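Line by line, the protein sequences are chains A and B.
In terms of the working numbering, the first sequence is numbered consecutively and its last residue is 581.
In terms of the working numbering, the second sequence is numbered consecutively and its last residue is 193.
There's no promise every hint is true.
Said to hold, decoys possible - Simulated pairs of lysine to any residue, SDA-like, Cα-Cα distance not exceeding 20 Å: (1) LYS109/B <-> PRO372/A; (2) LYS173/B <-> PRO372/A; (3) LYS2/A <-> ARG58/B.
What the hints assert, rightly or not - Facing chain B, from chain A, some residues (calculated, C-beta under 8 Å): (4) VAL190; (5) MET192; (6) GLN239; (7) ILE327; (8) ALA333; (9) PRO372; (10) GLY445; (11) ASP546; (12) THR556.
No lab work stands behind these hints, which were simulated from the structure alone.
A quick note: this is a predicted structure, and the numbers were derived from the prediction, not measured.
Every residue gets a Cβ at the ideal spot worked out from N, C-alpha and C, and that includes glycine.
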Amino acid sequence: MKKLMLGNEAIARGVYEAGATVATAYPGTPSTEITENIAKYDEIYSEWAPNEKVALEVAIGASIGGARAATAMKHVGLNVAADPLFTASYTGVNGGLVIFVADDPGMHSSQNEQDTRIIARGAKVPVIEPSDSQECKDFTKEAFRISEEFDTPVIVRLSTRVSHSQGIVELEDRENYELKPFVKNPAKYVMMPAMARRRHVSVEERMAKLREYSEQSLLNRIEWGDKKIGVITSGIAYQYAREAFGDVSYLKLGMVYPLPEKLIKEFASQVENLYIIEELEPFIENQCRKMGLKVIGKDKLPVIGEYSAGLIREKIFGETSEKLNDIKDEVPARPPVLCAGCPHRATFYVLKKLKLTVSGDIGCYTLGALAPLESVDTTICMGASVGVAHGLEKARGKEQSKKTVAVIGDSTFIHSGITGLIDMVYNNCSGTVIILDNSITGMTGHQHNPTTGYNIKGEPAKQVDLVKLCQAVGVERVKVCDPFNLKEFEQVVKEEVAADELSVIIAQRSCALLKHVKFGPVLTINQDKCTKCRMCMRLGCPAIVDRGDHMEINPTQCAGCDLCPKVCRFNAIEKAGGRDE
Amino acid sequence: MNNTSILIVGVGGQGTLLTSRILGDVALSSGLDVKVSEVHGMSQRGGSVVTYVKMGERIFSPIIEKNEADIILCFEKLEALRWIDYAKKDAKIIINDQRIDPMPVITGKAKYPENIIEKIIANYKNVIVVPALDIAKKCGNIKAVNVVMIGVLARHSKFEKDLWIKAIEKTVKPQFLEVNLKAFEEGYNQSGT
Numbered sequence: 001m002k003k004l005m006l007g008n009e010a011i012a013r014g015v016y017e018a019g020a021t022v023a024t025a026y027p028g029t030p031s032t033e034i035t036e037n038i039a040k041y042d043e044i045y046s047e048w049a050p051n052e053k054v055a056l057e058v059a060i061g062a063s064i065g066g067a068r069a070a071t072a073m074k075h076v077g078l079n080v081a082a083d084p085l086f087t088a089s090y091t092g093v094n095g096g097l098v099i100f101v102a103d104d105p106g107m108h109s110s111q112n113e114q115d116t117r118i119i120a121r122g123a124k125v126p127v128i129e130p131s132d133s134q135e136c137k138d139f140t141k142e143a144f145r146i147s148e149e150f151d152t153p154v155i156v157r158l159s160t161r162v163s164h165s166q167g168i169v170e171l172e173d174r175e176n177y178e179l180k181p182f183v184k185n186p187a188k189y190v191m192m193p194a195m196a197r198r199r200h201v202s203v204e205e206r207m208a209k210l211r212e213y214s215e216q217s218l219l220n221r222i223e224w225g226d227k228k229i230g231v232i233t234s235g236i237a238y239q240y241a242r243e244a245f246g247d248v249s250y251l252k253l254g255m256v257y258p259l260p261e262k263l264i265k266e267f268a269s270q271v272e273n274l275y276i277i278e279e280l281e282p283f284i285e286n287q288c289r290k291m292g293l294k295v296i297g298k299d300k301l302p303v304i305g306e307y308s309a310g311l312i313r314e315k316i317f318g319e320t321s322e323k324l325n326d327i328k329d330e331v332p333a334r335p336p337v338l339c340a341g342c343p344h345r346a347t348f349y350v351l352k353k354l355k356l357t358v359s360g361d362i363g364c365y366t367l368g369a370l371a372p373l374e375s376v377d378t379t380i381c382m383g384a385s386v387g388v389a390h391g392l393e394k395a396r397g398k399e400q401s402k403k404t405v406a407v408i409g410d411s412t413f414i415h416s417g418i419t420g421l422i423d424m425v426y427n428n429c430s431g432t433v434i435i436l437d438n439s440i441t442g443m444t445g446h447q448h449n450p451t452t453g454y455n456i457k458g459e460p461a462k463q464v465d466l467v468k469l470c471q472a473v474g475v476e477r478v479k480v481c482d483p484f485n486l487k488e489f490e491q492v493v494k495e496e497v498a499a500d501e502l503s504v505i506i507a508q509r510s511c512a513l514l515k516h517v518k519f520g521p522v523l524t525i526n527q528d529k530c531t532k533c534r535m536c537m538r539l540g541c542p543a544i545v546d547r548g549d550h551m552e553i554n555p556t557q558c559a560g561c562d563l564c565p566k567v568c569r570f571n572a573i574e575k576a577g578g579r580d581e
Numbered sequence: 001m002n003n004t005s006i007l008i009v010g011v012g013g014q015g016t017l018l019t020s021r022i023l024g025d026v027a028l029s030s031g032l033d034v035k036v037s038e039v040h041g042m043s044q045r046g047g048s049v050v051t052y053v054k055m056g057e058r059i060f061s062p063i064i065e066k067n068e069a070d071i072i073l074c075f076e077k078l079e080a081l082r083w084i085d086y087a088k089k090d091a092k093i094i095i096n097d098q099r100i101d102p103m104p105v106i107t108g109k110a111k112y113p114e115n116i117i118e119k120i121i122a123n124y125k126n127v128i129v130v131p132a133l134d135i136a137k138k139c140g141n142i143k144a145v146n147v148v149m150i151g152v153l154a155r156h157s158k159f160e161k162d163l164w165i166k167a168i169e170k171t172v173k174p175q176f177l178e179v180n181l182k183a184f185e186e187g188y189n190q191s192g193t
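Model the full assembly from the supplied sequences, consistent with the hints where possible.
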């Protein structure tokens, strides 16, 4: 049967067909749908883990326990999981262990543009790279096989365009994979110096064997065409190269680490001009240059951003596209915004009003950095808001904490904010942390987490109590407040920021997109009462529009959340169709 | 046969993803190779969104570039303007006559360009303008704008109407099927202007 599948969905299918029985992940664009789709197969135990490090550790445990196990994450998630990764490379596996890592060239939804192949090389873990949905499925199954044959974790590297493009996939049956016995083997699984020294030797021997495998692996293939030009490429870059270069010769690498050096040399010897087309770092290219090959690559093509067929044509052949129309309008940008009804809007409105310094974090609420809310001053990585706020105080003294807050989402707090909070407690910080508890992992598309009370399948689960958790680590001032009670919330923030002790404010209000969230009728502006003071514009609500001579509320955008009447001093905002009460 | 490239542009939350999935399903059931490229994550929060659908004998790159689109399905006027350079000279450009102000316009930092549709018509001869929001309202659900647009596209496509209906039945949730089929029919019967 053929089906149109997202790359991520095809990965999930591959995990299923390979007979895997354990999958665990923390959500992260563009990798999230892998685990969401795995969760649809009842044959596979699946879970959302609190972070990528835990997820990989669970997958390692499952592999040692004899199961085929999978974990998925975005590129920056691999940084969090790097610690177990580098040592799992030494222990190797029992059941196959495959780590899916989705890079985000162009940073559609990320804070940096790092290249997973470089971390993988550091960890000495082989990397396989599919270029479309069918390969996502096929390569996944081969990855499990390689993992077991060579006793190694395997990374399948994806990119946004592979993960989030749909292509046709031929479905096959699930392999009947039998759980391998769990055998006590401290020499392999207890990585203390004496054992680890011997395992490092095994790692080097394995890399040599993998180099041999790479030479004859079906993952790497030559497509002969015109031999004037030869292109070495992999992943999504292969698809762009095929369109840009047309009928030339290609060495399409499915295994990018370790590279098949003999195959590359043989290919290079038969073509006149050799091009290396790869997004981000010159990973294949540097290896080719080291081998003494004359290649054209990053000298013409960027290490920044996404590629496309057009970009390759422009940089390599100097071809640009001609403009076919005479339209010269400035097109205003349309940056993403907090949704109408979003609980974070109220929080940032207050933080801006109080002119606080805000160390921010990763999630929908990063959008609080944009106009007109413009409250967030720093965003580094998951969980960093807490440590950064602590560092600001330690650099500038306690007075700094009287004008600073950290903001962090519920899921992000569990991911890696809690450790920062413990640092604040332990090292006598008087700062204020606001946990934006919207009862869901929002930005990645509504995944459950340990604070929501449900598991990945939507079944009831134990719920981490944020208040008790903060109290248990030693925070004495923990306040819970609905940010939509604007006055009360503002008062609480003022008090806690002024306090000489550490405090946590839990700003509790559900994401406006959750199904159970019901608002009243849409709102409208009574033009007779409106004085055009533009106070409501400070909310940055996509439904409230400044028409120059008047403000109006767009009824198709308004969620009816009732926040804007609270900032209007003239009672000019009313429920549409009638007066408020 | 030649490949067909269809660009679907709009504002996050307008349902462009569902549209591209229906379109992809139609191509698949017609036996064509097809790729649909989406963007998830941050830009979905009310940002400018674009989905690429390419179909034909064999598709490599999932991305459509400037001067390559055979059809642009525009869910919003400003987005039509933003992506117009992606159209071929003889492209079919289907525009939902709806305005959604982006944040820089809302806050008064930028102006929403005037006469967008007139400018596009002056440059391209196959422009179809549809009051999709009004039609969707008439059908009973303003969220059905996307399926109204599919209806218009279906009328101007080479695929049988039946294939589209089947794809809609497969893709939308059962409780919304009736309103969506009505929206499709209304879109299909639009003559356009």
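Against the structure, the hints come out as follows:
Straight-line distance between C-alpha atoms of LYS109/B and PRO372/A comes to about 10 Å, which keeps the hinted pair within the 20 Å bound. Between LYS173/B and PRO372/A the CA atoms are separated by roughly 37 Å; this puts the pair beyond 20 Å, and the hint is violated. At roughly 15 Å between alpha-carbon atoms, LYS2/A and ARG58/B fall within 20 Å of each other, so this suggested pair holds. At its closest, the beta carbon of VAL190/A sits 40 Å from a beta carbon of chain B; the interface hint therefore is violated under the 8 Å criterion.
Interface hint status for MET192/A: violated, as the beta-carbon distance to the closest one in chain B is roughly 41 Å, over 8 Å. Proximity of GLN239/A to chain B holds as hinted, the smallest CB-CB distance being about 4 Å (cut-off 8 Å). For ILE327/A, the interface hint holds, since its Cβ comes within 8 Å of a Cβ in chain B; the closest pair sits about 5 Å apart. With its C-beta approaching chain B no nearer than about 6 Å, ALA333/A sits inside the 8 Å limit, and its interface hint holds.
Residue-level restraint check for PRO372/A holds (minimum Cβ-Cβ distance to chain B is 5 Å; threshold 8 Å). Given hint, GLY445/A at the interface with chain B, holds; its Cβ is 7 Å from that chain's nearest Cβ, closer than 8 Å. Because the closest C-beta pair between ASP546/A and chain B is about 5 Å apart, less than 8 Å, the hint holds. Checking THR556/A against chain B: minimum C-beta separation of about 6 Å stays under 8 Å; hint holds.
Going down the numbered hints, you'll see the structure goes against 2, 4, 5, while the others check out.
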